[in-house]
Amino acid sequence: MSPAVGRASSRGDTLRFLLCLALSGVALVLPAAWVYPLTTAIRETALLPVVWVQQRAEEDRGSRARLKAVTAERDAAALKAQSLTGILTENERLRALLSLRQKITFPTVAAEVLHQVSATDGRTLLLSAGRRAGILPGDAVVSAEGLVGLVVSAGPASSIAMTWAHPDFRVSGVTEDGSVLGIVGPASTPNASEAFLEYRGVPYRDTVPAGTLVLSSGISGQYPKGVPIGRIAGIRREELGWERIYRITPLANPGQISHVLVYVIRAARRPDPPATDSIP
Amino acid sequence: MSTKRRPAERYPIIIVIALLLALHFYLRPRLWDGRGAPDFLLLALLLVALRSRPGTAAIVGFLVGLITDVLTPARFGAGALAHTVVAYLAAWGRAVFFPDNVLVSAGLFAGAVWVRTAILLLASGAAAGELASGLGFWAPLQAATTAVAGVVLLLVARDRLAIRLDE
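As they're listed, the protein sequences go chains A and B. Start counting the first sequence at 1; every next residue gets the next number (the numbering used here). Start counting the second sequence at 1001; every next residue gets the next number (the numbering used here).
Please keep in mind that the hints were generated in silico from the structure rather than gathered at the bench. Take the hints with a grain of salt, since some may be wrong.
Footprint (simulated), chain B over chain A, 3 or more residues, beta carbon under 8 Å [as the list claims (entries may be wrong)]:
(1) 35-42
(2) 73-84
(3) 139-150
(4) 155-168
Where a beta carbon is used, it is the ideal one built from N, C-alpha and C, also for glycine.
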């Protein structure tokens, strides 16, 4: 290989190393309110070419390798849509009979997921669309399978989504029949082969059978109502006889998805852009 | 021994690093997108670290780690810490005992990936399960693919990089 680099343990080298360690330590303890604006600023300036190149690569791969899959999905969706017309008409008629307001629907923006090789990729995802497409921090991110997470930082051309695998992730959930409410969050498990969510706050008197689909309840307004989160896989534990915590197998796998839809809820509700570009 | 190089000697390494960056950000997402994919960015860092003083390597490692943190801000600073340590150790270790051997170089690349992932996961506060799967499966897989990519690079570009290999 190359020639030897000389005496390694000089004072200057050690000082530089310690300085870098100290700076890394400072970065580690920075509050999230500073981290997301900082990373967005760097991503949208110095690293813009890198994000642009990776986005082109994703688009190229998507346009070739996934053409058959996308065509098949489109055909299946078209078939399903044919039967939807009748259901929508019936739904509108029943809503009118009950004097209910028109159901709120939010526009969506499609984005590619730009995966990194980092070990923590999957907790946060880099998305190829940002504020220019209407995405704002707090918008929900879904895939074809179900809920993925929410946007925590949005720059002009890219954004960062926190997925359900992130320790800070929480969503208000409800069972498919609407009978049992709870809070869904990631589980910390010692078993390496398992990655699942927990359905917390379920009263002891309520029993949720395995296989039940859990959807977002839409109570907080953070996530749209009715987005699939996962299926109940069994009871995880019981807390002092007043609540049961269930295990949920998530439907969407953040490490595998390549495309997502972002519900541009914030932009739809508030036309004026916010002063900050991240969630504090 | 001095590590200062003439500008003409730097061009090959600059070209190789540019190639590695292109592989990392353009070719890798097209071919193999996942945690087991070779980390060309770390390979580029190690190539620089092996030709630099430990202090310089630490600074370059910090900057590379900062890039990974910006693109994956699950725990900002963890990547910078991990890459700083790996680059410093690679430069220091190279200066002390690393021979010019293909297998040892492969071991260096693989070890660097594993150590980097270990520090990254520990600094990120990964749960026991994530730590076990990361260090027991994903890190060894990525270490193996990165080592293979690194050895291929060394064999192909050894003349341009003025690398002497004892095969």
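So, going through the hints one by one against the coordinates:
no., hint, result
1, 35-42, "holds (count 5)"
2, 73-84, "violated (count 0)"
3, 139-150, "violated (count 0)"
4, 155-168, "holds (count 3)"
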